[in-house]
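J.: Each chain is listed here by its residues.
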Amino acid sequence: MGLMNGLDEKLVKKIPGAPVVLASAEWAINAGRSNSIWTLTFGLRCCAMEMMATGAAKYDWARFGFEVPAASPRRADLMIVAGTITTKMAPLVKRLYEQMAEPKYVIAMGACAISGGPFVYDSYSVIKGADKVIPVDIYIPGCPPRPEALLDGMIKLQKKIMKQKFTTVAK
Amino acid sequence: MNFQEILEKIKSKHEVLESKEDMGVLNAYIAPANIAKVAAFLKDEMQFDQLNFITAVDLPANNVLEVVYRFFSYATADTVVLRVKLDRAKASVGTISGVFRTADWHERETSEMFGVTFLNHPDPNRLILPDGIVAPLLKDYKNQDMTPLPKA
Chain R
247 MGLMNGLDEK LVKKIPGAPV VLASAEWAIN AGRSNSIWTL TFGLRCCAME
297 MMATGAAKYD WARFGFEVPA ASPRRADLMI VAGTITTKMA PLVKRLYEQM
347 AEPKYVIAMG ACAISGGPFV YDSYSVIKGA DKVIPVDIYI PGCPPRPEAL
397 LDGMIKLQKK IMKQKFTTVA K
Chain G
10 MNFQEILEKI KSKHEVLESK EDMGVLNAYI APANIAKVAA FLKDEMQFDQ
60 LNFITAVDLP ANNVLEVVYR FFSYATADTV VLRVKLDRAK ASVGTISGVF
110 RTADWHERET SEMFGVTFLN HPDPNRLILP DGIVAPLLKD YKNQDMTPLP
160 KA
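So the sequence lines, in the order shown, correspond to chains R and G.
Quick note: the first sequence uses our numbering, first residue 247, plus one each step.
Quick note: the second sequence uses our numbering, first residue 10, plus one each step.
Chain R on its own, in the form it takes in the complex:
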């Protein structure tokens, strides 16, 4: 069902009288990727609470295709940086990102992961934003963001994936 969310009449053609649709391979693969994103189970601080709430029954990100929280970075497509990155944690965040298989995406969730947030001034230990360590696709403001905001960011990521070209995926 999720595959049909991004259905575009220009890109997908139904053959009349036959159980067949014609679509570009790019559209089909992007639709598959964007609707089966596995999220790395990885919370750094308090934003992880909202992330867990988003994954749990009330908000349930599985409705939008974020089916499984992957317990290993090698199975994950999406890393949600949910919290403050400290000087000590930064190398581990980078290593987890490097262990994920391409194509991979990063959401910076909350004020700390965007800029350092409340720790931006006079902090001896906080990295000022996840983008100082790893490339970030989506930024979600909030301290912490509500589950609706996280879902909105994740759906924006799906739209971003739908637009990507093959040549841009293989790095």
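Derived from the structure by calculation, the hints contain no laboratory data.
There could be a bad hint or two in this list.
What the hints assert, rightly or not - Not everything, but these chain G residues come out facing chain R in the computed CB check (under 7 Å):
hint : residue
1    : PRO139
2    : ILE142
3    : PRO145
4    : ASN152
5    : THR156
6    : LEU158
What the hints assert, rightly or not - Here are the simulated EDC-like cross-link-like pairs (lysine to aspartate or glutamate), alpha carbons at most 20 Å apart as the crow flies:
hint : chain 1 : residue 1 : chain 2 : residue 2
7    : R       : LYS340    : G       : ASP140
8    : R       : LYS402    : R       : ASP306
9    : R       : LYS334    : G       : GLU118
10   : G       : LYS148    : R       : ASP368
All C-beta atoms in this analysis are idealised placements derived from N, C-alpha and C, irrespective of residue type, glycine included.
Given chain R, put chain G in place with the hints provided.
T.: Here is chain G on its own, set in the frame of chain R:
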């Protein structure tokens, strides 16, 4: 026991340089050389069986670094705070981890956060901080990655 009785009892055996009451709790300043002896006295003879925490206070205006020890007694529900004044430039005091085992980690944390050396410590390594961050809780700590708070 109220703070006056605790003070008298400590004074009967050990020298107290100065003392003050802070929210009903005795704060006793003692000489750095005596800290292990006074801690053992509190534990063995006054039933202060728990060490709550060890931390430090940086007072650059007086060139003083105070190390603060807070003890609690489960037997009498009393609290007492010991303080030692150290020279900021070369702050060092003897360990009390021989008296309270929990002082081991408390002293390691105070050491990495304030640059205090605890003499004869059994494991004088860093506790939590990564390499490269030295004594960040001192008032004059500077780091090239730090953004100073703008003046309002």
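J.: Go through the hint on PRO145 of chain G and say holds or violated, using the shortest Cβ distance to chain R against 7 Å.
T.: holds (4 Å)
J.: Was the hint right that PRO139 of chain G lines chain R, CB cutoff 7 Å?
T.: holds (4 Å)
J.: Can the hint on LEU158 of chain G be confirmed by a CB-to-CB distance to chain R that is less than 7 Å?
T.: holds (4 Å)
J.: Between LYS148 of chain G and ASP368 of chain R, is the straight-line Cα distance small enough, at 20 Å or below?
T.: holds (11 Å)
J.: Within 20 Å, alpha carbon to alpha carbon, are LYS334 of chain R and GLU118 of chain G?
T.: Given pair LYS334 of chain R, GLU118 of chain G holds - Cα atoms ~16 Å apart, limit 20 Å.
J.: A closest beta-carbon separation below 7 Å is what the hint needs, so does THR156 of chain G meet it against chain R?
T.: holds (5 Å)
J.: Any CB of chain R closer than 7 Å to the CB of ASN152 of chain G?
T.: holds (5 Å)
J.: Hint check: LYS402 of chain R vs ASP306 of chain R, CA-CA at most 20 Å. Holds or violated?
T.: Holds, at about 17 Å.
J.: When you check the alpha-carbon spacing of LYS340 of chain R and ASP140 of chain G, does it fall within 20 Å?
T.: holds (18 Å)
J.: Let's test the interface hint: is any C-beta of chain R closer than 7 Å to that of ILE142 of chain G?
T.: Holds. Min distance 6 Å.
Taken one by one, the earlier hints all hold for this structure without exception.
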